[in-house]
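Starting from the known structure of chain P, arrange chains F and U on it as the hints suggest.
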Amino acid sequence: MSGLLFDEPGPRARRRIRLATVAGVLVLLALVALAVRQFAANGQLAAERWQPYATWPMWRYLLGGLWSTALAAVVSAALSMAGGLVLALGRLSRRRAIRLPAAAYVEAVRTIPALLLVYLVLFALPRYGLDLPLFWKLVVPLSVSNAALFAEVFRAGILSIERGQGEAALALGLTHGQSMRLVVLPQAARRVLPSIVSQSVGLLKDTSLGFVVSYAELLYSGKVLANYNGLLIQTYIVVALVYLVVNASLSALARSLDRSVAGGGGPRRRKITRVPR
Amino acid sequence: MSALLDHLPEFWQGLVVTLQMTAASFLGAAAVGLVIVAMRVGPVPVLRAVATVYVETLQNLPLLVLLVLAVFGLPEIGLKAGLTTTAIVVIALYEGAYIAEALRSGVNAISAGQGEAARALGLTFGQSLRHVVLPQALSTVVQPLGNIFIALTMNTSLAAAVGVVELTAAANRVNLLEAQPIPIFVGAGLAYAAVAACAGFVTGRIERRLAVAR
Amino acid sequence: MVSIKRVAVVAAVAMAGLTACAGTDSASSAVPGAAPGEGGGGGVLAGAPVAAAADILPGSTMEKIKQRGELIVGGSLDAPLLSQQNPATGEVEGFDADLGKALAKYIIGQPKVKIVNSASETREALLANGTVDVVFQTYTITPERAEQVAFAGPYYSSGLSIAVKKGTTGISTPQDLNGKTVIAGANTPAIPVIQKLAPQAKIITFGGDPECVQALKQDRGVAYVQDETLLVADAKKDPELQVVGTPFTEDPYGIGLKHGDDQFKSFVNDWLKKIQANGVWQGIWKNSLGSVVQGEAPTPPEIGSVPGS
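Residue numbers (the numbering used here), protein chains in the order written: chain P, 1 to 277; chain F, 1 to 214; chain U, 1 to 309.
So that you can see chain P by itself, here it is in the shape it has in the complex (with noise of 0.2 Å):
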């Protein structure tokens, strides 16, 4: 795709471009070391600060906050995704009472942050006798919130499937429901298999919100330890990089996905939708 906007450069060019990277990543490489000196000269390198984390008990409690992290992850994400569908076959459906408070809803709480969502839960519903078990606080609200975004990602889904499959079926004899169902789903499933999986690692990432309320989650865990060990700058690195190689992983997931469901089929390429966070 990029091999469109440019000639193959020539000699030259490749040499002004040999030249630019070596001075780039030189460049690069120094800002790094000036940043790791300093880094050093804070005395944030010294080794009896990253030490613990070369012990299995800090992992091993990491890594139950990691399994936390995915148990939310993986509710909301099931939650979400039902509640999804039942919006996105609301917003589709050919009657307006259906159809409007099925908008209403996805477009409202697309436009509330999740955080707030929390506070509500955290601080409104106890006033009222609910007072959900820590883990439900912060599953609720992200599946409330979540299940907007992945109404989106099923609605064009659907709507991706060409007209021509829905109005055979229906010319076949099929109700407008047998038809969604037999006919359109399983095909848009396969489509948005890739979308799902990326708009997961989004919803892994929102569990980060655990920290909030204090469900021991990966990040809040983090917490846990920096109050511990009162190192709070390496915690969170090494907790980010623990986000990111899980996440990176799901991503790379995502991509052999919509690589294997292109290859399968399928008239258009299609690019896996990332719901902007």
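Simulated from the structure, these hints should not be mistaken for laboratory data. Computed from a predicted structure; not experimentally measured. Even for Gly, the Cβ is constructed at its ideal location relative to N, Cα and C. Among these hints, one or two may not hold up.
[Stated by the list, open to error] Which stretches of chain F does chain P cover? Using the computed rule of at least three CB atoms under 8 Å from a CB of chain P, they are: (1) 23–35; (2) 59–72.
[Stated by the list, open to error] Sample of chain U residues lacking proximity to chain P, with all beta carbon distances greater than 12 Å (derived): (3) P58; (4) K202; (5) K237; (6) Q294.
Frame of chain P; chains F and U shown alone:
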């Protein structure tokens, strides 16, 4: 309700900070996104690699983690700025990755003939990007950019965790004092929804404009 | 008044089995005599009393807990010296945590507790709907709160203090904070107190104690207002910090119980008197708060001496 009205100055102050952060970080994110997308579709392999790593890294880290690391980590490497400034920069860098991806899919949607025609006319890479490809790409990405703007507005609320008193933090503080969570948080939620509605309205207008211009 | 209180909550954490989860069965390593870590209450708990069978009245809350074999405590995981989880052992350690274990031993015969991580905003609800038996969480007794929960104690008295970077001058009282930038823990009672005593102070908040300390060291603010004990602990860990002046508030901590359960309340008050008389309270203090504060254990506040208790 009175909890809300008694503390209007605090809410207003918070809303102003939220709006400032949103505007500043969206401008920054747009700049970052343009640079990254130019690197990503450009001819220099190293720049392509750097841009890819950048996008992958930032899209795979929770913003909250980035914020905490930047606020407490950067001073340790000698870069210290105010809390709000730090938060704006971090959000701009983070959302810049999303803008770059949105622009890239816009660029990819432009038919290959456009770029080839621009080159055939003798335009350089920069010129064909600036005069031919990006203007067309922009009109297809207005909607995605609008969505990023809304997400960015929501994301400024995370700055509350690193000491910035924006709308969410202001609401939280008023709640601490008044213990009236429902009106306070619903009020704050409405303010966010209003900002997002404005954004939706504006993107709708722009989209129609650009659609006619083509 | 919850010292390092993040915005936060409650909960029976839904997952089981992992060391990371909040519910921590402390029986294994807190058995009397088992080597306690520094700050662990194991050694002290050996001398902790067990209630006479006659005191566990039939049909009472105590009997219910005894039959369950576990005391469910509303508390924190991230309050150093008071109720902080040790990641290496999964054990929750500190003054509040050890008192909880001692109460469990008094009722059940063994220090078996399960800590439900709670937030200051939800403690009343947790007690009212019976999710937890007791709350040990720097729970300041106030007459307003006493309308919703019963308080045994007070079992300890603390107060807010000010920490600055060493070498800072001109700050010794809360009034000196006027016009300055002050750091406080998010959702701690320090915020309204500063707003009242120094209305011109600019308050910035961070999630936890380490964040606040780091912010103070990086000059994000000139002073950090927090529970005195915690500040003393921070100053001990970090020579750059200095606690100035004396505490300017008085916060009597109570043990939160279900509202109206007078039977349980007098039972817990009896237990408090016993452990204060036989030195267990003082031992627990020495193991936790006493590890950073110099001198002997303070005289515990008189039970029932505060409005609301």
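_In rising order, the numbers of the hints this structure does not comply with_ = 1 and 5
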